[in-house]
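Read top to bottom, the protein sequences are chains H and P. The first sequence begins at 21 in the working numbering and counts up by one. The second sequence begins at 21 in the working numbering and counts up by one.
Heads up, some of the hints might be wrong.
[Claimed, not checked] Below, a list of computed lysine-lysine pairs in the DSBU-like style, where the Cα atoms sit at most 35 Å apart: (1) 352/P - 117/H; (2) 142/H - 314/P; (3) 313/P - 142/P; (4) 313/P - 313/H; (5) 142/H - 142/P; (6) 142/H - 313/H; (7) 142/H - 117/H; (8) 352/P - 314/H; (9) 313/H - 244/P; (10) 352/P - 142/H; (11) 313/P - 352/H; (12) 244/P - 352/P.
Simulated from the structure, these hints should not be mistaken for lab results.
Number of protein chains: 2
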Amino acid sequence: MSDYLPVFALTRGETVESVHFGAIAICDNRGNLLWHYGNPDTITFLRSTAKPFQALPFVEAGGVEHFGLTARETALICASHSGTDEHVAVAASIQRKAGVTEDDLLCGTHPPYHQETAERLKAAGEEPTPNRHNCSGKHSGMLAFARMIGAPTADYVNPSHPVQQRILHTFAEMCGLAPSQVALGTDGCSAPNFAVPLRSAALAYARLCDPSALPPARAAACRKITAAMTAYPEMVGGPGRFDTALMRLGGGKIVSKAGAEGYQGIGLLPGALGSGSPALGIVFKISDGDARKKARSAVAVEILRQLGALDETQLQALASFGPRFPIHNWRKLQVGEGYPVFAEIDAREQV
Amino acid sequence: MSDYLPVFALTRGETVESVHFGAIAICDNRGNLLWHYGNPDTITFLRSTAKPFQALPFVEAGGVEHFGLTARETALICASHSGTDEHVAVAASIQRKAGVTEDDLLCGTHPPYHQETAERLKAAGEEPTPNRHNCSGKHSGMLAFARMIGAPTADYVNPSHPVQQRILHTFAEMCGLAPSQVALGTDGCSAPNFAVPLRSAALAYARLCDPSALPPARAAACRKITAAMTAYPEMVGGPGRFDTALMRLGGGKIVSKAGAEGYQGIGLLPGALGSGSPALGIVFKISDGDARKKARSAVAVEILRQLGALDETQLQALASFGPRFPIHNWRKLQVGEGYPVFAEIDAREQV
Chain H
21 MSDYLPVFAL
31 TRGETVESVH
41 FGAIAICDNR
51 GNLLWHYGNP
61 DTITFLRSTA
71 KPFQALPFVE
81 AGGVEHFGLT
91 ARETALICAS
101 HSGTDEHVAV
111 AASIQRKAGV
121 TEDDLLCGTH
131 PPYHQETAER
141 LKAAGEEPTP
151 NRHNCSGKHS
161 GMLAFARMIG
171 APTADYVNPS
181 HPVQQRILHT
191 FAEMCGLAPS
201 QVALGTDGCS
211 APNFAVPLRS
221 AALAYARLCD
231 PSALPPARAA
241 ACRKITAAMT
251 AYPEMVGGPG
261 RFDTALMRLG
271 GGKIVSKAGA
281 EGYQGIGLLP
291 GALGSGSPAL
301 GIVFKISDGD
311 ARKKARSAVA
321 VEILRQLGAL
331 DETQLQALAS
341 FGPRFPIHNW
351 RKLQVGEGYP
361 VFAEIDAREQ
371 V
Chain P
21 MSDYLPVFAL
31 TRGETVESVH
41 FGAIAICDNR
51 GNLLWHYGNP
61 DTITFLRSTA
71 KPFQALPFVE
81 AGGVEHFGLT
91 ARETALICAS
101 HSGTDEHVAV
111 AASIQRKAGV
121 TEDDLLCGTH
131 PPYHQETAER
141 LKAAGEEPTP
151 NRHNCSGKHS
161 GMLAFARMIG
171 APTADYVNPS
181 HPVQQRILHT
191 FAEMCGLAPS
201 QVALGTDGCS
211 APNFAVPLRS
221 AALAYARLCD
231 PSALPPARAA
241 ACRKITAAMT
251 AYPEMVGGPG
261 RFDTALMRLG
271 GGKIVSKAGA
281 EGYQGIGLLP
291 GALGSGSPAL
301 GIVFKISDGD
311 ARKKARSAVA
321 VEILRQLGAL
331 DETQLQALAS
341 FGPRFPIHNW
351 RKLQVGEGYP
361 VFAEIDAREQ
371 V
């Protein structure tokens with residue numbers, strides 16, 4: 021548990037007041053650890069950062085073609101969406117095509133992340149339904165996969181269900197691990213989730229972004245997923261969300277997927293750091309879970325800034341997410357600031 | 021910034037998912053460091069944990085008698101209250117006695133911490149006024165102090181204002197520090213706040229709880245403050261708040277005052293650990309600020325449990341605050357748990 025080092029500080033006046041700890045791993049698609057901060061072997065859960073891999077066996081098996089899914093729908097299957105009406109409509113469309121209904125979803129319910137939508141529902145006395153849940157796309161994909169392979173649609177979140185077994189095996193392969201090396205836990209949405217070393221998850225992201233060494237069907241599925249996510253970033257997150265903003269700026273070269281409890285995965289596609297640059301998988305964890313919701317995006321921006329993945333204009337466009345931000349008090353006076361505190365990344369020299 | 025060690029872990033399945041870091045210091049009233057975890061010399065802000073000391077010079081100068089303040093009003097001056105109608109009425113009463121008004125308060129505004137009150141105001145389209153601010157009692161006390169010593173009531177939060185200078189000097193003395201050794205910052209409520217080593221703040225809490233070695237006027241003021249806080253714990257916090265619950269159970273022997281950003285001060289009065297036990301000051305910081313609002317109270321309960329300050333019945337009554345709690349997902353399934361991870365306290369043997 022002391023695998024973590026200080027990654028983000030918050031000051032008041034001239035004094036550091038608070039410190040978030042974390043660990044970072046950056047790998048290429050051969051599993052070379054190019055840079056790390058804290059212990060890259062720290063084992064923790066990917067949470068929603070796993071979503072592209074939870075979609076992968078379905079896409080690899082031909083699910084997109086089988087059900088005639090659009091790229092927007094594919095993006096939603098990889099999403100932690102904001103629960104807007106648009107997101108709900110896309111989830112419902114996947115369900116129609118797959119011959120399932122919202123009632124089949126076992127994700128539970130929570131108010132939409134999108135504040136305006138949440139307030140509108142509340143004012144109307146409308147309870148959020150499962151399609152508003154940020155994971156409804158993922159669950160719709162799992163149900164579609166169950167349909168496609170003739171598995172039961174009931175209890176599809178059971179770790180022994182064929183869909184979950186296929187997901188586990190595919191995810192483990194992407195990480196370069198045996199399934200038995202992947203620790204399981206139950207996610208917020210009741211689906212199985214995976215804990216692996218940060219470096220293994222970084223490898224999985226690097227392979228997702230440059231799958232050229234993978235078997236052709238797997239490689240094609242990876243490309244379909246990253247193409248969908250980067251073409252429809254508003255499906256993967258929502259208005260004002262970091263993943264959405266970053267992928268919009270990334271010109272198809274950056275895949276970004278946050279997970280709960282301060283986890284973040286970012287994949288750089290070949291060429292993202294300039295002509296001929298290799299794919300990179302960047303994975304980090306804010307150890308405390310970042311309930312403040314400030315440290316993770318700031319650390320992400322700082323990593324990308326240090327790697328040279330973002331130019332000045334892109335950094336300006338992301339400035340509300342970090343890397344530095346002012347801290348204001350109840351009278352709107354600036355009383356301090358927040359900023360990343362990890363050392364200069366030297367991975368750039370190695371790529 | 022690596023002064024912190026893991027203090028609280030959250031699991032998912034069998035795997036630790038998230039870790040809060042922190043540091044703890046326990047001192048007696050002679051400044052002996054009886055136990056520590058992490059670096060007891062970690063310097064950070066007390067935030068609202070400083071409130072009893074911000075009230076101290078006012079009480080010591082005879083402010084309570086001068087304005088005919090009740091113990092409930094004195095408790096509110098030391099409070100981070102929940103902004104209920106009752107809290108607002110007590111703040112207004114202090115203001116009437118001091119000849120100031122709510123309009124003189126420079127704390128700014130925020131929705132009341134008390135959820136029902138916040139929702140009621142919102143439904144009525146009523147904007148929260150400064151008296152709803154958790155610090156309105158403290159600010160009322162500062163204004164009363166300014167009145168009493170003939171200082172201006174405008175700009176009373178300026179660090180050079182006589183009231184703030186008296187507070188700084190008194191706080192520094194309680195910490196066994198020179199005023200120049202106290203780092204300043206602006207609090208959420210715009211008043212000056214203080215950063216000192218954890219062990220210095222722990223000494224200040226131990227002296228507050230056993231002021232017998234302090235000059236008589238200071239000692240009497242300390243006793244007046246701890247008596248007011250422990251007699252009216254609902255004034256110091258509010259419904260469902262940890263400080264309130266703990267002081268209610270403490271039978272006048274435990275003073276508890278949280279601060280923002282994961283800071284906590286607890287003072288044990290003589291005899292709290294059994295007949296003849298000395299006063300203890302317990303101070304700790306959750307490094308990341310504990311925005312989740314789970315780790316701090318759980319760590320506090322665990323420290324008191326290990327010290328033997330709480331019996332089984334008291335621990336049962338505090339069980340919703342910790343030390344362990346289950347983690348549930350959106351479908352109310354238990355998916356993990358949270359628990360303190362610091363080593364056994366050996367201070368008990370030394371006291």
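Now for the hints, and whether the structure bears them out:
1. Of the pairs offered as hints, the one joining residue 352/P and residue 117/H holds, with about 30 Å between alpha carbons and a cut-off of 35 Å not exceeded.
2. Only pairs whose Cα atoms come within 35 Å are accepted, and residue 142/H paired with residue 314/P is accepted, the gap being roughly 27 Å.
3. This hinted pair checks out: residue 313/P and residue 142/P have alpha carbons roughly 23 Å apart, not beyond 35 Å.
4. With a C-alpha separation of about 14 Å, the suggested pair residue 313/P and residue 313/H falls inside the 35 Å cut-off, and the hint holds.
5. Our distance criterion of 35 Å between C-alpha atoms is met by residue 142/H and residue 142/P, whose separation comes to about 13 Å.
6. Taken as a hint, the residue 142/H and residue 313/H pair is honoured in the structure, with Cα atoms around 23 Å apart against an allowance of 35 Å.
7. For the proposed pair residue 142/H and residue 117/H, the alpha carbon gap of about 30 Å is at most 35 Å, so the pair holds.
8. This hinted pair checks out: residue 352/P and residue 314/H have alpha carbons roughly 27 Å apart, not beyond 35 Å.
9. With a CA separation close to 41 Å, the supplied pair residue 313/H and residue 244/P exceeds the 35 Å bound.
10. As the CA atoms of residue 352/P and residue 142/H are separated by approximately 21 Å, the hinted pair is consistent with the 35 Å bound.
11. Our distance criterion of 35 Å between C-alpha atoms is met by residue 313/P and residue 352/H, whose separation comes to about 23 Å.
12. For the proposed pair residue 244/P and residue 352/P, the alpha carbon gap of about 46 Å is over 35 Å, so the pair is violated.
The structure fails to meet hints 9 and 12 from the earlier list, while all remaining hints are met.
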